[in-house]
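Dock chain H against the given chain X, drawing on the hints supplied.
Read off the chains here:
Protein chains: 2
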Amino acid sequence: MLTGHSIINGESHPGGAGTFAGYDPSTGATLEPTYHYASLQDLALAADLADEAFGVYRQLPGKDRARFLRTIATGLDSIAAEVIDRAHRETGLPEARLKGELARTVNQLRLFADVVEEGSWVNARIDPAQPDRKPLPRADIRSVLRPIGPIAVFGSSNFPLAFSVAGGDTASAFAAGNPVLVKAHSAHPGTSELVGQVIARSARECGLPAGVFALLFGAGSKLGAALVQHPKVKGVGFTGSLTAGRSLMDLAASRPEPIPCFTEMSSVNPVFVLPEALRTRNAQIASGLFASFTLGVGQFCTKPGLVFLPRGQDADALVAELKKHVEQASCAPMLTESISKSYRSGLAARQGKPCVSTVAQAGAPGDLASSYAVPVLFEIAGADLVRDPDLAGEVFGPSTLVIRYEDRDEMLALARSVEGQLTATLHGTESDLAASADLIAILERKAGRLIVNGFPTGVEVCHAMVHGGPYPATSDSRFTSVGTQAIYRFVRPVCYQDFPQSALPHELKDENPLGIWRLINGSLTREPYAANREEMLTAVK
Amino acid sequence: MLTGHSIINGESHPGGAGTFAGYDPSTGATLEPTYHYASLQDLALAADLADEAFGVYRQLPGKDRARFLRTIATGLDSIAAEVIDRAHRETGLPEARLKGELARTVNQLRLFADVVEEGSWVNARIDPAQPDRKPLPRADIRSVLRPIGPIAVFGSSNFPLAFSVAGGDTASAFAAGNPVLVKAHSAHPGTSELVGQVIARSARECGLPAGVFALLFGAGSKLGAALVQHPKVKGVGFTGSLTAGRSLMDLAASRPEPIPCFTEMSSVNPVFVLPEALRTRNAQIASGLFASFTLGVGQFCTKPGLVFLPRGQDADALVAELKKHVEQASCAPMLTESISKSYRSGLAARQGKPCVSTVAQAGAPGDLASSYAVPVLFEIAGADLVRDPDLAGEVFGPSTLVIRYEDRDEMLALARSVEGQLTATLHGTESDLAASADLIAILERKAGRLIVNGFPTGVEVCHAMVHGGPYPATSDSRFTSVGTQAIYRFVRPVCYQDFPQSALPHELKDENPLGIWRLINGSLTREPYAANREEMLTAVK
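Protein sequence lines correspond, in order, to chains X and H.
Going letter by letter, the first sequence gives residues 1255 to 1795 in my numbering.
Going letter by letter, the second sequence gives residues 1255 to 1795 in my numbering.
In case anyone wonders, no lab produced these hints; they're calculated from the structure.
Worth double-checking, as some hints may not be accurate.
One copy or two, either will do: identical chains are not told apart, so a pair holds if it fits within one copy or between any two.
[What the hints assert, rightly or not] Straight-line Cα separation of at most 30 angstroms, DSSO-like style, residue types lysine-lysine; simulated pairs:
| id | residue 1 | residue 2 |
| --- | --- | --- |
| 1 | K1607 | K1388 |
| 2 | K1476 | K1578 |
| 3 | K1317 | K1578 |
| 4 | K1388 | K1763 |
| 5 | K1476 | K1317 |
| 6 | K1595 | K1607 |
| 7 | K1595 | K1763 |
These numbers come from a predicted model, not from an experiment.
Bound conformation, chain X alone (with noise of 0.2 angstroms):
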């Protein structure tokens, strides 16, 4: 049942600022019920609770904070058709890919119980006391990665689930000990609040203090900005633009205690197709970089912005591939009113450039709703990137830029004037590869994500994934908000000196009762720690 309220203390919260409706960009229909704005009251009182379940949360095992991820992702599988539904009419993506989204958001929630579960993952370290060394004795150190506080996640529009109200930032919040305070993304409120009360639900049924959890609807920017800047809030993470990614980065660094934020926000993801691929393998790579650019009606931050080709038959035969493909692409609605008006401004300035040719454009017919976007295909000389580095700006949707350039000193000049990217593609046979050390060095030095033989958008959660970037693809490139990794995002070490057993975080006591990987004394072990034996070990050296 959707209230149009938000959520704090567990509950729908009436009241409010203004209102708004969901809207379907397939049929341009307003959607049932009104929204009601959250206040800066609304805000404060969100902000005081979660403070206060953060004394509680943070003190939660992790097999408790597992169970919580756990239960939201049970809750998230028992509404899914609802859910699905919801999405489908608030957003126009079909059904399938929202299916696939859903999984996705429920794996996640379930690899990051995993990950917390586990116990590892807190880079527990142990260096024991000396007491008799010289000089000085050394203390019994210990540290361990601890919860920051109250997290702020901003839902995003271009994934209504995997990077909303239960995905990656607040499943990683979550998994390291931290209450979530999530500002729904308008372009679907009816799906954010269902998710919502699973979460809120979770809360209950796992025993949590509520103000664990508060979704927030807000107008505009303004409780965006009122989030960052409340004094309870410790950290941000955030996916969208590069205008209101920075802008929350400016407040989040000019508090009177400035905090973590990390934004998601700009990259066009650059393809580089090696000479021996680009002969051997040009209608296959036309048909996947085709596929890749327009997925999703391009509303990927991992979209293929920019394909950067060797002038000659080979590239000719790629374009004319891709051409076909665009001239044969439907059209789709794209996620709002708003996207769609800012990539129709985006083709009309690339349209606008003189050096700037419209390769092929898919044929729409007449009557479409305005928030139909037509995939186009652009093509640039590479020498006009560099008198108009403006032309590799991100334009949001299904459009892609061929750059075709002269030599490889030029390939080498055009890579090192890209900026920070989320990925950087190489398409390559193995001694194009052999060939290309200089080009890999200068795009590991671009992209936190680097791609052979294959398309950045489809991006895997596991362990080992990086979806972040220099700026301005993100705020900070140590960094990721895909995979378990982004935990890392929401924690700090806290460093423990001459604490007595009974007075350590379990994670930190000699007899290792989790049972999880430590560095004791630089080695990594998942032995107890008995300072008996390591005297012994001394003594036999």
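Showing chain H alone in chain X's frame:
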């Protein structure tokens, strides 16, 4: 041989923008030679060379970086007498202390060398391909930590060796694979140049590009600001005042491309003496506290500046002991004229408040140079601190403030009111501690390091050390500036998807040529990865 010039491209670099000279705080005398400020052009040259050197240095195996660090350590050992003598004259710190600090500096370099030679610190992760996974195959995903680029390091006044030119920031940045640009602290230019010469010579001996290191003498905050804003600088390490640190943070955050800025700033390191310990060990605690807050003329970021005591006879006894120590204390010169001036104004500000009583101060002969500091002990009531939280501000120098509280609830409220700290200390018996889980939980949210029955000065360089903490103690509580974990400030993960073995970094190749610990499919192992074995194991299951 001191030249009075910056070191750029491996050599003394004449020219610049203005001059200054070293100064002996014990006598007020000016020291030879005259030092020349680097200009912004000099900085630009050093940054260009560092960026170029990064292309080479980032690719070096851990064992080569280890060799560089050890060469620096050996070089410092070889100039021990000279550098200690110069540092003694420039800082007024006793030779014994400087000898210890040099030992710490070279041990630190060697510890980082051990870490990068062993190699497991890079957090290598392998999630192998699952070509048969349904509904979609999984790509081969691997990730490893890589250096971020040239790092700006600011020498600090209070550790002329261990936190300056070849200190912890430099050692960790080099260990991680980054070039370093040091801004020398003007309080010890000769010491800085001697150490800088050793680093430049070590780079040469190890066949590294000279741009891997530069030492810049700079006028006030101008060169420092330019360094943090330079587009080729990718990270910052700083130890110093809150004002300077916050201003660097703000500059780093407001760059077109914001960069990680690690500043270690302000901490008053609260000490809580619990009832039973207070009753049974008050004389011992008093002498330890006195030694800690006057160590190094109170010029440590870990100096205990607030001491919380429950009102009563036991606290009276402890304060009486402290008073005796302070009244018999001798005076010593502070590091610089401006530090001693700000100590005196900090004392005056406290003495000007009617609620503050001056319990004791050391007797100072009238003819001391103005750089000498007088140890002072102050006292207030808990209620005073609530009324005037500024009383808890840092006074850098040999002074501490006793706060008497009425009851346990007041103590907890006071603990909750303190800002972010590097450390918090508890003195307590086992039963005191057992009754203080609530206090410990509060302090875990406030500090990077909690100490039982010890004193916060003395920061062990080891694997588990955390010298960090919530703002304003540092800019980013997720990191430490002391201990081997300091290396994680200056790296970011890079992910390789479907790379052929030949193009992967050594850390990620199947056969594990470096023999490091890796997380394969979520499990830690030092074994090579063999796809077949995994398949066989899966088949057996």
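One pair to classify: K1595 and K1607, alpha carbons no more than 30 angstroms apart. Within, between, both, or neither?
Within one copy only: 19 angstroms inside a chain, 62 angstroms across chains, cut-off 30 angstroms.
Intra- versus inter-subunit Cα pairing at 30 angstroms for K1388 with K1763:
For K1388 and K1763, the Cα distance is within 30 angstroms only inside one copy (26 angstroms; across copies 42 angstroms).
At most 30 angstroms between C-alpha atoms: does K1317 with K1578 qualify within a copy, between copies, both, or neither?
Neither: 54 angstroms inside a copy, 53 angstroms across copies.
Check K1607 against K1388 for me: Cα-Cα at most 30 angstroms, and say if that holds within a copy, between copies, both or neither.
neither (72 angstroms within a copy, 45 angstroms between copies)
How would you classify K1476 and K1578 at a CA-CA limit of 30 angstroms: within, between, both, or neither?
neither (45 angstroms within a copy, 58 angstroms between copies)
Intra/inter-copy verdict for K1476 and K1317 if alpha-carbon distance must be at most 30 angstroms:
neither (37 angstroms within a copy, 52 angstroms between copies)
Between copies, within a copy, both or neither: which fits K1595 and K1763 at Cα up to 30 angstroms?
Neither: 58 angstroms inside a chain and 46 angstroms across chains, both beyond 30 angstroms.
Going through the hint list in order, the structure does not satisfy hints 1, 2, 3, 5, 7.
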